[in-house]
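Novice: In order, the protein sequences belong to chains A and B. Residues 1 to 505 (this note's numbering) are what the first sequence spells out, left to right. Residues 1 to 505 (this note's numbering) are what the second sequence spells out, left to right.
Incorrect hints may have been included.
Which copy is meant is left open, because identical chains are indistinguishable; a pair holds if it fits in one copy or across any two.
[What the hints assert, rightly or not] With a cut-off of at most 30 Å between alpha-carbon atoms, the simulated DSS-like pairs for lysine-lysine come out as follows:
hint, residue 1, residue 2
1, 132, 304
2, 254, 339
3, 56, 325
4, 8, 364
5, 493, 325
6, 129, 342
7, 54, 332
8, 108, 86
9, 129, 493
10, 332, 56
11, 245, 102
12, 54, 325
13, 304, 254
14, 493, 245
15, 8, 54
16, 339, 304
17, 336, 245
Hints are computed from structural coordinates only; laboratory data are not their basis.
Number of protein chains: 2
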Amino acid sequence: MALKKIRKENYPEWYQAVVAEADMAENSSSPGCMVIKPWGYGIWERIRDVFDEKIKSTDHENCYFPMFIPLSFFQKEAEHVDGFAKEMAVVTHSRLSMKDGKLVPDSKLEEPLIVRPTSEAIIADSFSKWVKSYRDLPVLVNQWANVVRWEMRPRLFLRTREFLWQEGHTAHSSSEEAEEETTRMLEAYRDLCENTLAMPVLTGRKPEHEKFPGAVDTYCVEAMMQDGKALQAGTSHFLGQNFAKSANISFVNKQNQQEFAYTTSWGVSTRLIGGVIMTHADDEGMVVPPKIAPYQVVIVPVVKNTTDEDAVMDYIAQIRTELAKQMPFGEKIRVKLDKRDKASVDKFWEWTRKGAPIILEIGKRDADGNNVMLKERIKLGTPEGKLILSREEMIAGISSRLENIQKAMFDKANSRLHSNIRTDISTVEEFAAYFGQSNEWIEDGKQAKVAFVRGKWCADPQSEELLKAMKITIRCIPFDQSNTQGVCLLTGKPATMDVIYARSY
Amino acid sequence: MALKKIRKENYPEWYQAVVAEADMAENSSSPGCMVIKPWGYGIWERIRDVFDEKIKSTDHENCYFPMFIPLSFFQKEAEHVDGFAKEMAVVTHSRLSMKDGKLVPDSKLEEPLIVRPTSEAIIADSFSKWVKSYRDLPVLVNQWANVVRWEMRPRLFLRTREFLWQEGHTAHSSSEEAEEETTRMLEAYRDLCENTLAMPVLTGRKPEHEKFPGAVDTYCVEAMMQDGKALQAGTSHFLGQNFAKSANISFVNKQNQQEFAYTTSWGVSTRLIGGVIMTHADDEGMVVPPKIAPYQVVIVPVVKNTTDEDAVMDYIAQIRTELAKQMPFGEKIRVKLDKRDKASVDKFWEWTRKGAPIILEIGKRDADGNNVMLKERIKLGTPEGKLILSREEMIAGISSRLENIQKAMFDKANSRLHSNIRTDISTVEEFAAYFGQSNEWIEDGKQAKVAFVRGKWCADPQSEELLKAMKITIRCIPFDQSNTQGVCLLTGKPATMDVIYARSY
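Isolated chain A, as found in the complex:
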């Protein structure tokens, strides 16, 4: 049963429908901010737990820094404030008072406070106190926090004024070590996207004009959505000595000389959930990769009358006990028994819309026959996707079934990504004609009308103007630059590198 809006009809409305029908999030009465509902938040918790383990296993420690940053801190790094000044929530008062029957802000602050859009400014201040000698380095910290950027066109998960993220911040005694850290965490993001979210990505460096404000280099993971647009899924910044100089993070090195530290920062946010939706969801709703599904298996009892109920529930209890011993991906399986007082068919569709990887429908006939009816959210070879299995067969196969689903989801998205990077566009006319078309849903196994272009670039300001006019961006400069000879497809000037061009979220 399809959603009210399907992908080929109206992709943006389909996206909204998926989020709404899966009950993952909704707009709130707080302008531009969302409420993340249990199913959406459950997915975020899984992402957080997986990545938190990675953060810790790479020797980072979690901390928590203040959400409020004194305005003057932003005056220290000119590029940084330029990048964020237009979208900052500013706290100016510390109380409300009643005036003429109305509540109004009162007690004006001496110095306004900015609600963190990102925490380099305030964390650099702490680092400057912590770091005195090369012995204090490296400092490797991370925080899970909310941040605020005043988006004017908010969209659930993709762009909300407040969002949740992790931000890693590190300081090092050498440029090389800091650059290694930047690369290590980029690779951690690639691994997270591909092996946990089943969302393939391209990795590379951002061009100068797309860098994080204040960074020397920004590296990124870029995913392709089902409409051929790019989504920046995570970034890792090498900040050089920029923030160290503005906040005075300096140390005495082994040669007994005073030197500024080298810092990095890196982050991924709840935006990843938007990426997961646009990578995997279909016309029936959400599809959650098993590794991040709050529930991997949902059991829907089918009880026609009270006489049957005991037998069915006893049989289900037995199945749950056996399921609980299974370890897909080497972890405890997550099983939900949906006992709500609701028709089983409604429950079935609800969990389909939510994208639970496997639904088991179990009724009296199944209990009598020692069977279960199993439905995989994505169809792996079986046209209808509903299977009747013996209990033993179902239990024995559940882990590999979940693992196969995870793999199949990645493979499908990966083939979509890699078969939709055009490399045969070499003139601005071809480029303009290609991107003159609008992005449309890429049907499974078909070629995209518009997606990514890999082509030559000269890095000349003139080319940036052209891109701006066409609303096309350079997503990244891929690490593999096998053949950089040739001319820029935008300007015809000598090219210095290959880049990925795309329309983006």
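Given the coordinates of chain A, work out where chain B should sit on it, guided by the hints.
Specialist: For chain B alone, kept in the frame of chain A given last:
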């Protein structure tokens, strides 16, 4: 080796010294806000994980609601806004602009936004959209979030402008069910404090004038600090229909009538860490209960020269493998090998200051003799607390050792609490004389000069004035009210109940 300030000399300065020397948190450059450092945050993560499991096992689901609450939402519940208006951070602008070379707030918002001091107002708004019929009830949600209350006298962990907490919010179809929920979560807090933090508490109801603004009833857990002052460790509120009426959370009941829902809310915060410090820390620094210690066992290698190093590190590797199989409290043990390039004696004192429950010092002699030197942070019977054990003996005993430490910490604090509740004060003169003394550190096993008083109360406004003048508060009305006959010890009027009086944090 004692801290610079010890408890009996200057209790408040000792507290600051513990936090600083254990490197748990520090004041930040953001006024009134703290930086929670890895050791402090690690303790918070353990508390969060333990309580999150409880939240989920009692059928609550985690969500995330906006941090910004439109000002007008506070106009709906008069008592609620009265309670918080004086300490609210107000966002009034959404960008910064450069004016005369200075960054200034720009783009004034049409409606100011309040940074949540607590989320009843914004969550009630969501509930009003979610709840239509009795079938939609109960709604049982929780969020882990940061909140802001504009404290004028901030103290690390105890009172900071921004702090971290969990806030549970629920809506029910009957008053009885909501009251049950309130009690259930109060009991969950008691369990958390006593069985996880080893911090004994008294439970009860708050008097009318100490209730949460907007609540019908506030229940609380109150702990006794080592200076005899009370610390409110957690609260659970029965909100009746107050917020339901102001936000219009109404539903069609089984009798097909429109009715307002009954709501509750409950929370504990990073303040708990302040409570843990003042319950357990001693003159040598922090003492962390094993259940919430980021590392339960810390291994400090003692290596005198590089020849020894391999042998010692091999021996330690073997010990770590064996330790990893131990399951204190039925969970994976948390072991840290401190490999830093630092003198072992400095490491030893650092982990002592941090309050790691068990330190193992392992050198060449231990490796040769198949021994370890074990130090328990709190001394359980062994005067010096340093033991030499065979490797096998240490491994076999490590779980019960940690469990015994946890139990001993609770028992000690519990006996301190229960032996320092005076019940023999019956006149205002005695009361004034008792509380005329200042709070002092309660030496182990000794009687407090000032701590708690359990006595009669009349609930008359006159008594509240008296208490206010003396800066004494009623901490709670205990649930056990065996003998309520008699006269109020403050006013001499007929008493209606027993209450707990104390000075508090």
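Novice: Each hint: holds or not?
Specialist: These are the hints, each one checked on the structure:
Taking CA atoms no more than 30 Å apart as the test, residue 132 paired with residue 304 passes between copies only; the shortest distance there is 27 Å, against 72 Å inside one copy. Taking the shortest Cα distances, residue 254 and residue 339 sit within 30 Å of each other only across copies (20 Å), while inside one copy they are farther apart (65 Å). Taking the shortest alpha-carbon separations for residue 56 and residue 325, both the intra-copy value of 27 Å and the inter-copy value of 20 Å come in at or below 30 Å. In this assembly of identical chains, residue 8 and residue 364 lie within 30 Å of each other by CA distance neither inside one copy nor across copies; the values are 40 Å within and 71 Å between.
Proximity of residue 493 and residue 325 under a CA criterion of 30 Å is satisfied in neither setting, with 63 Å inside one chain copy and 64 Å between copies. Taking CA atoms no more than 30 Å apart as the test, residue 129 paired with residue 342 passes between copies only; the shortest distance there is 20 Å, against 59 Å inside one copy. For a Cα distance limit of 30 Å, the shortest separation of residue 54 from residue 332 qualifies both inside one copy, at 18 Å, and across copies, at 18 Å. Proximity of residue 108 and residue 86 under a CA criterion of 30 Å is satisfied in both settings, with 22 Å inside one chain copy and 12 Å between copies.
With identical chains, the CA atoms of residue 129 and residue 493 are never at most 30 Å apart, being 48 Å at best within one copy and 58 Å at best between copies. Taking the shortest alpha-carbon separations for residue 332 and residue 56, both the intra-copy value of 20 Å and the inter-copy value of 16 Å come in at or below 30 Å. In the homo-oligomer, the alpha carbons of residue 245 and residue 102 lie at most 30 Å apart only across protomers (21 Å), although the nearest pairing inside one protomer, at 46 Å, exceeds that limit. In the homo-oligomer, the alpha carbons of residue 54 and residue 325 lie at most 30 Å apart both inside one protomer (25 Å) and across protomers (22 Å), since each shortest distance falls under that limit.
Taking the closest pair of Cα atoms, residue 304 and residue 254 come within 30 Å of each other only across two copies (23 Å); inside a single copy the shortest separation is 77 Å, beyond that limit. Neither within a single protomer nor between protomers do residue 493 and residue 245 lie at most 30 Å apart by alpha-carbon distance, with minima of 37 Å and 68 Å respectively. Within a single copy, residue 8 and residue 54 get their C-alpha atoms no closer than 38 Å, and across copies no closer than 44 Å, so neither meets the 30 Å cut-off. In the homo-oligomer, the alpha carbons of residue 339 and residue 304 lie at most 30 Å apart inside one protomer (14 Å), although the nearest pairing across protomers, at 64 Å, exceeds that limit.
Neither within a single protomer nor between protomers do residue 336 and residue 245 lie at most 30 Å apart by alpha-carbon distance, with minima of 53 Å and 34 Å respectively.
Of the numbered hints listed earlier, those contradicted by the structure are 4, 5, 9, 14, 15, 17.
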